[in-house]
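Model the full structure from these sequences, guided by the hints.
Chains as they are written, first to last, in the working numbering: chain Y, 1 to 238; chain W, 1 to 230.
A hint or two may mislead.
[What the hints assert, rightly or not] According to the in silico footprint, chain W covers these stretches of chain Y (three or more CB under 8 Å from chain W): (1) 79 to 92; (2) 176 to 188; (3) 193 to 200.
By construction, these hints were calculated from the structure, which means they are not laboratory data. Here the structure is a predicted model, which means the values were calculated and not measured. Virtual Cβ for every residue (Gly too), placed ideally from N, Cα, C.
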Amino acid sequence: MDILKIFGFGEGGWGLALLAGAGMTLLVSACGLLIGAVIGALVAWSRLSGNRLAGAAGEAYAALFRGLPELLVVYFVYFGSSTLLTTGAKLVGYDGFIGVPSFVAGALAVGVISGSYQAEVFRAAYLAIVKGELEAAVSVGMDRWLMFQRIIAPQVLRFALPGLGNLWQVALKDSSLISVTGLAELMRVSQVGAASTHQPFAFYVGGLVLYLAMTLVTTRLFDIAEARATRGMRRIAG
Amino acid sequence: MDWDFAATTFWRLMAALPLTLEVWFLSVVLGGLIAAGVVWMRVSGSRPLEILARAYVAIFRGTPLLIQLFLVYYGLASLPAVRHSILWPVLRDPLYCGVLALGLCTAGYQAEIFRGALLAVPHGAGEAAKACGMSGLLMFRRIVFPIALRHALPAYSTEMISMVKATALVSLITLWDVLSVALKIRNDTLVTYLPLILAGAIYFTINYILGAAFLSLERRLSPHLRARPS
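Set out below in structure tokens:
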């Protein structure tokens with residue numbers, strides 16, 4: 001079959017399916033990154049809180065999920081979330097198996113992995129805030145929430161941006177593993193296309209090019225965001 | 001809990017560990033060799049070679065390992081040109097395909113680690129070596145390599161650990177590594193979590209040992225950074 005026809009948008013063409021797959025990849029990775037941000041912020045907070053027990057729990061979480069294969073985490077979250085939901089439903093009287101949609105399980109898996117890395121990024125970013133600024137905020141009478149809003153959050157986000165950019169790329173690549181749960185993201189669509197047209201080489205090269213385009217474009221976006229976020233800062237190197 | 005079942009499962013998983021370690025070791029070594037070539041191209045000063053090296057790193061670091069693996073295992077095997085080449089005995093074996101794909105991928109990451117380590121060697125050290133009359137190779141062996149090695153170690157240990165995790169992907173190309181054996185036991189016995197938990201414990205332990213080994217190597221190689229015994 002003609003390559004142009006395979007990747008075209010006409011009848012029998014896979015162009016639209018591949019683009020939809022790429023869109024699904026972006027969506028599930030973005031959701032994963034956001035879930036990871038929530039988890040990462042909580043873990044970072046636990047380690048900065050000064051509470052020994054919370055700190056140890058946070059550290060254990062981060063060490064655990066950075067030491068396990070991503071694929072194993074994907075399987076575990078996929079099977080585990082369904083069991084959890086089914087058990088929960090039983091408690092409120094619903095009998096029967098409830099499967100968690102693969103999108104939710106996938107985003108959760110990417111988020112759980114990403115969160116273990118984001119915790120370090122957020123922690124380092126918090127520690128990079130000049131202590132005098134926090135003291136100054138206290139001395140002008142800001143309460144903790146106001147201080148978080150005006151002094152901590154803007155700077156943590158600024159300092160964390162380069163690390164988050166890297167982790168976005170990691171999330172994007174990890175999302176390909178969700179294909180084992182059957183979610184129609186780019187990797188899965190490439191597999192299905194490869195199998196049904198018997199053109200695996202063309203489909204995997206096509207998928208590869210789309211992934212590369214996504215990482216290159218979004219990395220550029222993060223660079224722009226970083227330049228914007230740090231436009232008021234003077235730096236030694238840069 | 002059924003301890004007998006847990007014990008048999010554990011030993012069946014351990015029996016698959018040699019394959020996981022084999023894939024890891026071969027791909028890390030292959031990746032190191034390719035990375036050395038890529039770094040050499042990158043710092044060679046020749047513009048076309050440099051562009052080629054940059055493209056290599058961008059492609060292998062910018063796309064998921066899974067699609068690279070499938071491209072090598074399913075994609076290349078579908079091309080008649082590959083089937084009739086002398087490479088076919090290698091490329092039809094899932095083990096070599098896995099090693100090749102993992103090696104190509106880690107080479108992209110290792111190349112960047114090596115390059116960063118080279119850039120961290122102080123310029124003056126090279127000048128001093130030249131002033132003493134060292135040849136290029138002698139300078140590399142005595143000055144550049146030892147300094148660069150120390151700089152590379154922390155990032156290199158992270159890469160080694162992520163390669164242990166990456167070997168789990170070969171379970172998707174019909175190889176019987178620790179993860180695929182765990183999934184098989186899970187399918188056969190309908191015990192949902194125990195096989196996966198035990199497999200996770202094995203991976204975690206390997207990574208822990210690996211991390212500790214690199215840390216102690218790092219300490220041994222940089223005695224000058226340690227606090228003086230009082």
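Now for the hints, and whether the structure bears them out:
Note: the stretch 79 to 92 of chain Y has 3 residues with beta-carbon separation from chain W under 8 Å; the three-residue rule is met and the coverage holds. Beta-carbon proximity to chain W at under 8 Å applies to 5 residues in the stretch 176 to 188 of chain Y; the threshold of 3 is reached and the given coverage holds. Three residues within the 8 Å Cβ limit are the bar, and the stretch 193 to 200 of chain Y against chain W gives 4, so the coverage statement holds.
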